[in-house]
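These protein sequence lines map, in sequence, to chains A and B. Under my numbering, think of the first position of the first sequence as 376, with each following residue one higher. Under my numbering, think of the first position of the second sequence as 376, with each following residue one higher.
Simulated from the structure, these hints should not be mistaken for laboratory data. Remember, it's a predicted structure, so these values are computed and weren't measured experimentally. Careful, some of the hints might be misleading.
Put simply, identical chains are the same to the list, so a pair is met inside one copy or across any two.
As the list claims (entries may be wrong) - As a list, the in silico SDA-like pairs of lysine to any residue whose alpha-carbon atoms are at most 20 Å apart: (1) Lys584 <-> His480; (2) Lys436 <-> Gly501; (3) Lys436 <-> Ala426; (4) Lys436 <-> Leu541; (5) Lys570 <-> Gly589; (6) Lys584 <-> Ala398; (7) Lys436 <-> Asp425; (8) Lys584 <-> Ala532; (9) Lys570 <-> Glu490; (10) Lys599 <-> Arg394; (11) Lys584 <-> Thr395; (12) Lys570 <-> Val428; (13) Lys436 <-> Ala398; (14) Lys584 <-> Pro527; (15) Lys599 <-> Arg573; (16) Lys570 <-> Asn591; (17) Lys584 <-> His402; (18) Lys436 <-> Thr550; (19) Lys584 <-> Pro508.
Number of protein chains: 2
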Amino acid sequence: MPNPTAAMLVIGDEILSGRTRDANMHHLAGRLTEAGITLGEVRIVSDDHDAIVAAVRALSKAWDAVFTSGGIGPTHDDITADAIGAAFGVPVDVREDARALLAAHYERTGSDLNEARLRMARIPEGATLIDNPVSVAPGFTIGNVHVMAGVPSVFQAMVASVLPTLTGGVALISTSTRIDRAEGDIAGPLGALAKEFRDLSIGSYPFQKDGRFGSNVVIRGQDKARVEAATARLAEML
Amino acid sequence: MPNPTAAMLVIGDEILSGRTRDANMHHLAGRLTEAGITLGEVRIVSDDHDAIVAAVRALSKAWDAVFTSGGIGPTHDDITADAIGAAFGVPVDVREDARALLAAHYERTGSDLNEARLRMARIPEGATLIDNPVSVAPGFTIGNVHVMAGVPSVFQAMVASVLPTLTGGVALISTSTRIDRAEGDIAGPLGALAKEFRDLSIGSYPFQKDGRFGSNVVIRGQDKARVEAATARLAEML
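Let the hints inform the model, and build the full structure from the sequences given.
The structure is reproduced here in structure tokens:
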């Protein structure tokens, strides 16, 4: 049976302007692979209502699960909750359980639960909350979409909260073989190997180091014996 | 006049599996911002023909220019040229000028221009070549789509080849102000600032450091005096 699939939507002008280098995508990709869930697509869009709505709809339809990051804080450019509500056609309002979480947290820390912070309790109707052990303001899940914060420490905590609730597949086994020859010299044998082991994914990832070209050949599959057999054949061939 | 826009399409299973952390997106984002071109969307798809075709068509239609990275090497998993040909409805074949570049290069380096390497001379009909000073095998431009290699050193060289051929806009001026207060405390004043300076983009990018929350407030615009005025107002407010 094929593994469940997922997509990610990164929301944030700061990634697209080159100001910030995204860290959340790489983190999520690794966690999903460990869980036996195939990350099939990532999109990065700006803090734009229509762009977020269109991307959420397209990804939610095409993949088993969608993870978003960014845009759920208290400032004027945090518009993700409203866009998700629009994508699902449901109203978004302050919800009592989310407000209670925030009220208790800010009372404890001596901060004010002002109007801006209260925005973080605005949750689309019908969503369930995602626990945020780092800074309390919750993420939420609606349909197959998991909406999480952009700050990496909070994003990672929310991923850890959500992943155990998902049904994963069989974790992929992989081997990586470094070959210090140009891809053009190994492409023929690699193509033959890929034909022989059609049940596996065989990828060639070229690199350049100290002016010389080489490639890491990664062999992935669900069956350990098959992956090992293909890796042994690769070693024989090259 | 608004700046020209662009999108990027990253092609590669290795990014989606978490094996490799993409570096090309961050590089391109920075170069485009310097050139006054707005990067509006990024998509990452796997080495899958239909996924590449669909993404190229959607992005090419929605944005002024599209930059792709990955999948133009000599191995069996390098399928980008064929997918681009399919997206534009044109045939893809070995082209004499690209073959000549490769032949001269491999003769010089004492390598064999074998069948696998010849794949790198397969160019969609009507495309123009993108110079590759690092490893010779060219990228290509067809319509508004610039097709480039995934190896970062080669990708960067190709970006440097392409960018001077594009018409850029006015480079954005930006200031960044670090505020060591939680976003919830500054969200009210920031919203008021954004309303006062509607011609500017004002973003709040929260961070967590040593257990405390803060935010970098970035103010961007084309008019230096306006950006400076907003930055001064921000300092007064907070």
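Going down the list of hints, with the structure as the test:
Within a single copy, Lys584 and His480 get their C-alpha atoms only as close as 50 Å, which misses the 20 Å cut-off; across copies the closest is 19 Å, which meets it. With identical chains, the CA atoms of Lys436 and Gly501 are at most 20 Å apart within one copy only, with a shortest distance of 18 Å there and 35 Å across copies. For the identical chains of this complex, Lys436 and Ala426 are neighbours both inside a copy (16 Å) and across copies (15 Å), given an alpha-carbon limit of 20 Å. When the C-alpha separation of Lys436 and Leu541 is checked against a cutoff of 20 Å, the pair qualifies only within one copy, where the shortest distance is 17 Å, while the shortest distance between copies is 36 Å.
In the homo-oligomer, the alpha carbons of Lys570 and Gly589 never lie at most 20 Å apart, since the shortest distance is 22 Å inside one protomer and 53 Å across protomers. In the homo-oligomer, the alpha carbons of Lys584 and Ala398 lie at most 20 Å apart only across protomers (16 Å), although the nearest pairing inside one protomer, at 24 Å, exceeds that limit. For a Cα distance limit of 20 Å, the shortest separation of Lys436 from Asp425 qualifies both inside one copy, at 17 Å, and across copies, at 16 Å. In this assembly of identical chains, Lys584 and Ala532 lie within 20 Å of each other by CA distance solely across copies; the values are 16 Å between and 36 Å within a copy.
Taking identical chains as interchangeable, the C-alpha atoms of Lys570 and Glu490 lie at most 20 Å apart only when they sit on different chains, with a minimum of 17 Å there against 61 Å within one chain. Taking CA atoms no more than 20 Å apart as the test, Lys599 paired with Arg394 passes between copies only; the shortest distance there is 18 Å, against 42 Å inside one copy. Taking identical chains as interchangeable, the C-alpha atoms of Lys584 and Thr395 lie at most 20 Å apart only when they sit on different chains, with a minimum of 16 Å there against 26 Å within one chain. Taking the shortest alpha-carbon separations for Lys570 and Val428, neither the intra-copy value of 41 Å nor the inter-copy value of 23 Å comes in at or below 20 Å.
For a Cα distance limit of 20 Å, the shortest separation of Lys436 from Ala398 qualifies neither inside one copy, at 25 Å, nor across copies, at 29 Å. With identical chains, the CA atoms of Lys584 and Pro527 are at most 20 Å apart between copies only, with a shortest distance of 11 Å across copies and 31 Å within one. Only within a single protomer do Lys599 and Arg573 lie at most 20 Å apart by alpha-carbon distance; the minimum there is 15 Å, versus 58 Å between protomers. For a Cα distance limit of 20 Å, the shortest separation of Lys570 from Asn591 inside one copy, 19 Å, qualifies, whereas the shortest one across copies, 51 Å, does not.
In this assembly of identical chains, the alpha carbons of Lys584 and His402 lie at most 20 Å apart only when taken from different copies (19 Å versus 25 Å within one copy). In this assembly of identical chains, Lys436 and Thr550 lie within 20 Å of each other by CA distance neither inside one copy nor across copies; the values are 33 Å within and 39 Å between. Taking identical chains as interchangeable, the C-alpha atoms of Lys584 and Pro508 lie at most 20 Å apart only when they sit on different chains, with a minimum of 16 Å there against 42 Å within one chain.
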